[in-house]
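Novice: Heads up: the protein sequence lines correspond to chains A and B, in order.
Add 7 to the 1-based position in the first sequence for the numbering used here, that's all there is to it.
Add 75 to the 1-based position in the second sequence for the numbering used here, that's all there is to it.
Simulated from the structure, these hints should not be mistaken for laboratory data.
Because the structure is a prediction, the values reported are computed rather than measured.
Among the clues, some could well be false.
Think about it this way: if two alpha-carbon atoms lie no more than 25 Å apart in a straight line, the pair counts; the simulated DSS-like pairs of lysine-lysine are [stated by the list, open to error]:
#: 1; chain 1: A; residue 1: Lys14; chain 2: B; residue 2: Lys175
#: 2; chain 1: B; residue 1: Lys398; chain 2: A; residue 2: Lys14
#: 3; chain 1: A; residue 1: Lys116; chain 2: B; residue 2: Lys398
#: 4; chain 1: A; residue 1: Lys223; chain 2: B; residue 2: Lys420
Which bits of chain B does chain A cover? Going by a derived footprint, with three or more residues having C-beta under 8 Å, they are [as the list claims (entries may be wrong)]:
#: 5; region: 112 to 119
#: 6; region: 406 to 412
Beta carbons: idealized from backbone N, C-alpha and C, even for Gly.
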Amino acid sequence: MTLMAGKRSFRDLNAEIRAALETENCVRVENVNGQRYMGAGLSKGKRLEIYGTPGNDMAAYLDGGALEVFGNGQEAIGNTMGGGSVTVHGHVGDTLGYAMRDGEIFVEKRAGSRAGIHMKEFEAMQPVVVIGGIVGAFLGEYMAGGTLIVLGLENEYDQPVVGAHCATGMHGGRIFIRGAFPTENVSEHISVLEPNEKDRADLERHVRVYCERFGKDFDAIMREPFHKLVPTTSRPYANLYTPN
Amino acid sequence: MLQREGQVRIPSGCAIAAVTDRSGARFSGMDIIDCIALMHDRSNGLGGGFAAYGIYPEYRDLFAFHIFYDDNDARIKTEEFLFRHFDIETFEQIPTRKVKSIHQAPLIWRYFGVVPQSKIKKNDFDEEEYTARCVIRINNSIPGAFVFSSGKNMGAFKAVGYPEDVGEYYMLDEYKAHTWTAHGRFPTNTPGWWGGAHPFTLLDWSIVHNGEISSYDANRRYIEQFGYKCNLQTDTEVITYLFDLLVRRQGLTLETAAKILAAPEWDAIDRMPEAEREIYTALRVVYASALINGPFSILVGSKHGLLALNDRLKLRSLITAEKGTKTFFASEESAIRVICPEPEKIMAVEGGTPIFIPFAEVQD
Chain A
8 MTLMAGKRSF
18 RDLNAEIRAA
28 LETENCVRVE
38 NVNGQRYMGA
48 GLSKGKRLEI
58 YGTPGNDMAA
68 YLDGGALEVF
78 GNGQEAIGNT
88 MGGGSVTVHG
98 HVGDTLGYAM
108 RDGEIFVEKR
118 AGSRAGIHMK
128 EFEAMQPVVV
138 IGGIVGAFLG
148 EYMAGGTLIV
158 LGLENEYDQP
168 VVGAHCATGM
178 HGGRIFIRGA
188 FPTENVSEHI
198 SVLEPNEKDR
208 ADLERHVRVY
218 CERFGKDFDA
228 IMREPFHKLV
238 PTTSRPYANL
248 YTPN
Chain B
76 MLQREGQVRI
86 PSGCAIAAVT
96 DRSGARFSGM
106 DIIDCIALMH
116 DRSNGLGGGF
126 AAYGIYPEYR
136 DLFAFHIFYD
146 DNDARIKTEE
156 FLFRHFDIET
166 FEQIPTRKVK
176 SIHQAPLIWR
186 YFGVVPQSKI
196 KKNDFDEEEY
206 TARCVIRINN
216 SIPGAFVFSS
226 GKNMGAFKAV
236 GYPEDVGEYY
246 MLDEYKAHTW
256 TAHGRFPTNT
266 PGWWGGAHPF
276 TLLDWSIVHN
286 GEISSYDANR
296 RYIEQFGYKC
306 NLQTDTEVIT
316 YLFDLLVRRQ
326 GLTLETAAKI
336 LAAPEWDAID
346 RMPEAEREIY
356 TALRVVYASA
366 LINGPFSILV
376 GSKHGLLALN
386 DRLKLRSLIT
396 AEKGTKTFFA
406 SEESAIRVIC
416 PEPEKIMAVE
426 GGTPIFIPFA
436 EVQD
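Kindly produce the complete structure, drawing on both the sequences and the hints.
Specialist: Okay, here's the thing in structure tokens:
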């Protein structure tokens with residue numbers, strides 16, 4: 008089923024999408040112009056295809072469903088999502104995967120600032136974000152778990168692969184960055200390591216999915232070395248106010 | 076008298092937007108209205124406004140004063156002051172349309188005038204300083220009068236309401252400008268009043284702002300030493316005066332002013348080559364009280380051009396795009412795409428990194 012969004016309010020549009028998904032497993036929405044909360048809470052087995060520019064908090068609280076965007080996304084995609092899959096054939100704005108708890112996000116091109124802010128993981132819940140382009144400031148801010156991968160492809164305006172204050176307050180999870188990046192942009196309390204064998208296997212698995220979704224050359228991407236960023240402490244601010 | 080905002084903080088959601096044509100070609104307010112209208116949900120109907128540059132080419136050398144009056148008494152007192160201090164060439168009520176959602180309007184007038192030569196000779200300062208002092212004087216000493224626009228060949232239009240309704244109210248589709256900025260407001264702690272809507276202006280400066288300034292009181296104490304009066308109790312006002320002080324009165328460039336307001340962090344300064352390090356160290360030391368802290372994205376119009384600036388920690392979204400000779404800014408990408416579906420370039424404005432589009436000569 009195909010719906011037209013136009014300039015309708017997000018309330019009307021999302022109500023219509025939810026009604027359509029009662030009976031259909033896949034709904035396509037065209038001419039989207041900044042409507043918020045699209046696909047919020049979408050459950051397993053349901054799929055939403057979006058053409059245009061979906062608004063903020065797309066895929067918030069995603070609950071196992073799948074979203075595919077043919078266009079660029081805005082802020083806070085996958086806010087607190089608990090599972091499912093988001094694919095964006097374009098770039099995205101700030102706070103991608105905000106407090107994401109499980110599931111996967113694949114972005115073909117760049118992401119704005121604070122991608123992966125406060126991502127977390129718990130036992131079998133292991134969220135993954137793969138960003139094909141570069142990222143803005145504060146990548147992985149307060150990150151508590153999960154995996155962030157930055158490939159640095161298509162750097163069209165010749166910006167640093169990762170912006171300033173990368174991994175500020177990070178205390179869990181792991182960030183992989185492909186190729187050279189400005190190490191002065193990485194915060195204190197972060198170790199920059201060579202990926203180990205398990206890391207390599209995980210990376211290859213996720214990059215392969217990225218390449219399948221966006222038609223990219225896997226071997227060419229993997230030829231470039233990756234670095235792994237992990238926190239040196241799980242409590243970076245333990246001594247900030249009251250030294251123990 | 077219209078209720079002015081009280082002594083409370085105003086955290087804001089807000090939307091900002093701008094379109095400028097660096098060739099100087101002028102276009103109607105339809106696009107900027109469509110752009111800001113798409114971000115309707117970022118405001119709550121308690122303030123909307125626009126600034127337009129190049130709208131009064133027939134009076135390009137005259138100061139254009141847009142003034143709100145609570146009543147005719149305020150108007151008579153203000154006109155008595157204006158006619159004494161300026162040679163007013165023409166004046167009229169600003170034409171408005173009836174719009175259902177816009178009510179409790181003040182009286183809204185505009186005046187075009189020049190500073191008499193005798194006044195400049197007598198006072199030993201230039202016409203801009205003279206005019207700025209007159210504006211500050213009216214706003215502080217005539218109850219019920221508020222000058223909300225005072226530049227040349229530009230004008231601010233603002234009201235309590237959603238921005239798209241404010242645009243319709245002021246008939247901005249009938250004006251032509253080479254540069255438009257817009258604001259949709261989301262004040263949460265106060266009723267909002269007409270003068271408290273953005274843009275905030277002085278002379279040709281206009282500021283629309285999304286965010287809040289946690290350093291407001293430090294900035295206010297600093298700027299009031301130079302004769303400015305911050306009595307609107309809204310944080311954006313202080314940014315307007317900082318630009319006026321740094322650029323008009325002290326002769327710094329807009330880019331330098333931007334680097335004072337959103338100064339590089341000390342870590343970044345430490346990594347600079349020596350000459351640059353010395354300059355930025357000096358700027359941070361001399362202008363420590365002009366540093367703006369807190370989340371903000373601002374669009375600053377002036378006779379020099381249009382400046383976009385984000386706070387250093389990039390706490391507000393702001394997107395810029397280009398197509399031909401036009402440059403676009405908006406809080407959300409979708410708001411740009413709705414008026415420019417296929418931009419040649421589109422990217423985020425990075426924290427603390429000003430983007431400046433100088434103005435060309437205005438084409439009539």
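Novice: Work down the list of hints and note, for each, if the structure agrees.
Specialist: Do the hints match the structure? See the list:
1. A:Lys14 - B:Lys175: Between Lys14 (chain A) and Lys175 (chain B) the Cα gap is close to 21 Å, so the pair holds against 25 Å.
2. B:Lys398 - A:Lys14: holds, 23 Å
3. A:Lys116 - B:Lys398: holds, 21 Å
4. A:Lys223 - B:Lys420: The hint holds at about 23 Å.
5. 112 to 119: holds (count 3)
6. 406 to 412: Holds, because 5 residues of the region 406 to 412 of chain B bring their Cβ atoms closer than 8 Å to Cβ atoms of chain A.
Consistency note: the structure conflicts with none of the earlier hints.
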